[in-house]
Each structure stands twice: as C-alpha cells, then as structure tokens.
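**Q** What follows is the residue order along each chain.
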Amino acid sequence: MGTLDTKSKILRDAGYVYSFDREVYFNRRTKKIFSLEFIEDHNENEIQRCLSENKEGEDWHFYFNFDPSDSVKREIESVLR
Amino acid sequence: MVERSVEDRLREEYFDLLPDIRRVAEHLEAKVKYCVLPISRKLDKYEQLVVTSRIKECESALDALRRRPEAEGRTFDRTKPDKYTLTNLNDLAGVRVLAFPRSRLIEIDQELRQRFSDWEVDPVPGYDKIDDPLAFKYYGYCEAASRKIKGELQIVSMLTGLFWEVEHSAIYKPTPRLRGVARSPEMRHRTREVQTALRAFEEEFEKQIRDSLKKS
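Protein sequence lines, in the order shown, are assigned to chains S and R.
The letter at position 57 of the first sequence is residue 57 when you use our numbering, and the numbering goes up by one with no holes.
The letter at position 215 of the second sequence is residue 1215 when you use our numbering, and the numbering goes up by one with no holes.
Derived by calculation from the structure, the hints in this document are not laboratory data.
Some hints could be false.
Simulated crosslink set (PhoX-like; lysine-lysine; CA at most 20 Å straight-line) [said to hold, decoys possible]:
no., chain 1, residue 1, chain 2, residue 2
1, R, 1083, S, 73
2, R, 1080, S, 73
3, S, 73, S, 55
4, R, 1214, R, 1042
I would like the entire structure built from these sequences, with the hints used as guidance.
**A** Spelled out as structure tokens, the structure:
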C-alpha cells in the first residue's frame, strides 16, 4: 500500500490540500476529491493514475471507496467551493 | 415548518440517553475498580494503576458519528436522517485504566478480558496500518445499567493515556471538529513520533528500575 506519508506527499506535490473538517484531499483546479479511506486503501501507483486521469466538465470527481450519495456530494461541493 | 436538521435530532437523542450514559459510566468504573483490586493491592511503590471514567459530551458525540470510518467525506446524508443514531457509538460512556510500568498492562488486560469475556475486542490501532496497537479496548453492554447504550473499556500505558488526555483537553474538548487535523497523514506521523518517544521512555525507565532492584 505504501506509507501514508508518501501518498500525502504525492497529493500535496500535485496541488491537493487537506480539508480537516471533511478529511479529504481536494484540488479546486482539477475538481478532484480523495477521501482518507481511499488513500489508505490504494497504493501510490493507483493514486498517481487517478491524479493523471483526464476528467472533463464542471462536476467534481469523488475518489471514495464507496460512491457518496448525491446529497453528500452536494454538501461537500458547497463547502469546498 | 422548517424541518429539523440531522444534528438537532441527534442532540435530542443525546439528552434522552444521558441518564443511561451516566449510569453505564458509573457502573463500569465501579466494576473495573473492583476487578483490578487484587492487582492494585500488590503494586510496588513505583508502580501505578489509575481507573477513570468519562461521558462523551453532546457535540463530541455528534462529531464522532459524522466521522465514523464508513462515512467518507465526514458528511451527514440529509436525505436519510433516520440512518443516524448515537446508539451506534460504542464510547458514549468510557472507562480507562492507566498503568505503569507497561508490564502491568498485560496482567490487567488478562484479568479484565476474563471478566468482560462477552465484550467485543477492538484494539486502538497505531497511526499507520503497519504500527502495533496503542491500547487494549473492549466494548459491550452493562446490562445492569442500560440496554440502550454500550460502554467502552480501554487499558493503556500511563504516559500514552496522559498524552491523550492532554491532547483532548487542550484541543478537541474546546473544538471537536479539530479531530480531523489529527487524522491528517502529517499529524499522524508527528503523533507516532511522540508515541515512540513515550514508549521508549517508559521501557527505559522500567529497565532502570528492574536493574537497580536486581542489584539491591
């Protein structure tokens, strides 16, 4: 799985910021959100692959182990906007 | 009419449960103190065993429910308010046993494990998945006190337990939402360094005492 320290460095180097209230890493430019659980359960290569995925459109992209409900997505988006 | 928020429903539930929470904390503390009495009585002068109890405060309980590991994104689903209940928390009432030196921990754990054999075993994990657990932990019902809420029992080394108490009273008690800061990988790394230092301190202290007792 790699260490959490290494994975958090990969995310920070890619411009992601940690939101301590929601316990997610997010980037307003790429509009991607990673949950801590997802980061813990995926290795460095998988995280790198997610970072390089080309996502288009205005919607945020959630990298969670379990897809959040629309209501949860809306609330997180409104907090991170 | 304005619909009540998930948080308001949970606050109401908290105050309904409060008498049960208090009863469980008192009952569990008395039972644990009684169970460890044979160990307390034979402690050497330099050894310590302290039993404390606490009840989780309302806002901490709400925050703990929002931060459960299965709730990625730490957000209540407002379309499903009935999904949330504080009775899912295992630590509304808790008792902590602090012990020094570490060698007493195993003995206390063995004693309490026998007495609470029907409780779930749930050790406190280290700060990374590769780390040793930080404390022994159990949870279950004290049926004589309440059938609604569970109690939690932790057995932890003295310095680690006191570090948690300082951390809690200085940071989380005034502002429960700051718990997420401690969960960041960077803070987990720093906290692991503190834990490693405390453990080394306790082990060295214990070794020095053992060596000096052997010589005398």
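**Q** Now tell me, hint by hint, if it's right for this structure.
**A** Results for each hint:
Between residue 1083 (chain R) and residue 73 (chain S), the direct Cα distance comes to roughly 17 Å. Compliance with the 20 Å bound is thereby established for this hinted pair. For the given pair, residue 1080 (chain R) sits about 14 Å from residue 73 (chain S) by alpha-carbon distance, which is consistent with the 20 Å threshold. Between residue 73 (chain S) and residue 55 (chain S), the direct Cα distance comes to roughly 17 Å. Compliance with the 20 Å bound is thereby established for this hinted pair. Between residue 1214 (chain R) and residue 1042 (chain R) the alpha-carbon distance is near 19 Å, which keeps this suggested pair within the 20 Å criterion.
This entry satisfies every hint, going by the numbered hints stated previously.
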